[in-house]
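For the sequence shown, the positions run 1 to 192 when my numbering is used.
No lab work stands behind these hints: they were computed from the structure.
Cβ atoms here follow ideal geometry from the backbone N, Cα and C, with glycine treated the same way.
Be aware that one or more of the hints could be misleading.
Calculated cross-link-like contacts (lysine to any residue; reagent style SDA-like; alpha-carbon spacing at most 20 Å) [as the list claims (entries may be wrong)]:
id : residue 1 : residue 2
1  : K123      : S163
2  : K123      : R102
3  : K123      : P111
4  : K123      : E75
5  : K154      : P143
6  : K42       : V167
7  : K42       : H10
8  : K123      : E96
9  : K123      : Q86
10 : K154      : E186
11 : K42       : S64
12 : K123      : L159
13 : K42       : P184
14 : K123      : K154
15 : K123      : A14
16 : K42       : V13
17 : K42       : A6
18 : K123      : A103
19 : K123      : R3
20 : K42       : D174
21 : K123      : S84
22 : K154      : G138
23 : K42       : A14
24 : K154      : D174
25 : K123      : D174
Listed next, with one range per pair, are the computed distances between beta-carbon atoms [unchecked claim]:
id : residue 1 : residue 2 : range
26 : A6        : D148      : 39 to 47 Å
27 : G95       : Q69       : 13 to 21 Å
28 : R3        : K154      : 31 to 39 Å
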Amino acid sequence: NYRTTAQNLHWAVAVLSGGEYADLESEPESTAGYRSARSGPKPVLRGLATLSEELDAAASTVRSWVEVQGGEQLETIAVLVRDSRQRELVVTGLGERGVAVRAVDRDAMRPGAPVVMTMHRAKGTEFARVLLFGVSEGSMPIPLRNYDFSDEEKADALLRERSLLYVAASRARDELVVTWSGRPSELVAPPS
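Construct the complete structure from the given sequences, taking the supplied hints into account.
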C-alpha cells in the first residue's frame with residue numbers, strides 16, 4: 001500500500017519498466033503487488049522549449065498550489081531536482097519570478113514555504129504536491145559517456161537512475177507534475 005494516489009503510483013512504477021530488480025536476498029523483485037487505495041488526478045507531464053519557459057511553468061504551478069492551500073502548510077509543496085546545482089538554479093529562478101521557496105539540503109525542513117531539494121534528499125519524505133523539475137535528456141539519467149563503464153556498470157547506473165526517479169515521483173501524495181526543457185529524459189513514462 002502506498003500513500004500516493006493510484007495514478008501517481010502507476011506513473012512511478014512505469015518508470016521502473018525496462019529494469020530488472022532484486023530484493024535483499026537477490027531474488028527477482030516485482031512491482032505487481034504495488035497498490036494504492038487513494039485516487040487523484042493523473043500526473044501532468046509538461047515539455048517546454050527552454051529552461052526559462054520551464055522555470056515560468058514551475059513558478060505558475062507552485063503559485064497555484066500555494067493558492068489552493070490558502071497559504072497553509074506550504075512545506076507540503078516540493079520541487080524535486082536531480083542535483084544541488086539544479087536546486088540552486090530553481091531557487092533563484094523561482095525567486096526571480098516572485099515565488100518564495102526554501103532550499104533544503106542536510107537541514108531539517110521548516111514550515112512556512114514550499115521546498116526545493118534533490119531527489120536523493122527527498123527519500124523518506126512525503127509531500128501533498130510534487131513538481132519533478134528538469135527531467136530532461138542529458139540531466140536524467142546522468143550522462144555516462146564520459147566514463148569508461150562496462151555494459152553491466154552502465155545497466156546498473158541506469159537502474160539506479162530509474163529507481164531515483166521512481167522514489168521522487170512516489171513522494172507525491174496527491175498531485176504530481178513532471179517538467180523538462182528540450183527533449184524529455186528517456187525515463188519519462190508517457191501517461192496512460
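The hints, checked one at a time:
1. K123 x S163: holds (11 Å)
2. K123 x R102: holds (17 Å)
3. K123 x P111: Judged against 20 Å, a Cα distance of about 18 Å means the pair holds.
4. K123 x E75: holds (15 Å)
5. K154 x P143: holds (10 Å)
6. K42 x V167: holds (17 Å)
7. K42 x H10: holds (9 Å)
8. K123 x E96: violated (28 Å)
9. K123 x Q86: This hinted pair holds, its Cα atoms lying about 17 Å apart.
10. K154 x E186: holds (15 Å)
11. K42 x S64: holds (17 Å)
12. K123 x L159: holds (16 Å)
13. K42 x P184: The given pair, whose Cα atoms are some 18 Å apart, holds under the 20 Å limit.
14. K123 x K154: Answer violated: K123 to K154 is near 23 Å, above 20 Å.
15. K123 x A14: holds (19 Å)
16. K42 x V13: Holds - the C-alpha atoms of V13 and K42 are around 14 Å apart, at most 20 Å.
17. K42 x A6: Distance of about 9 Å is within 20 Å: holds.
18. K123 x A103: Roughly 15 Å separates the two Cα atoms, so the pair holds.
19. K123 x R3: Judged against 20 Å, a Cα distance of about 14 Å means the pair holds.
20. K42 x D174: holds (10 Å)
21. K123 x S84: holds (15 Å)
22. K154 x G138: Holds: K154 and G138 sit about 15 Å apart, inside 20 Å.
23. K42 x A14: Distance of about 13 Å is within 20 Å: holds.
24. K154 x D174: violated (33 Å)
25. K123 x D174: holds (17 Å)
26. A6 x D148: 39 to 47 Å: holds (42 Å)
27. G95 x Q69: 13 to 21 Å: Given a distance of about 19 Å, which is inside 13 to 21 Å, the answer is holds.
28. R3 x K154: 31 to 39 Å: holds (33 Å)
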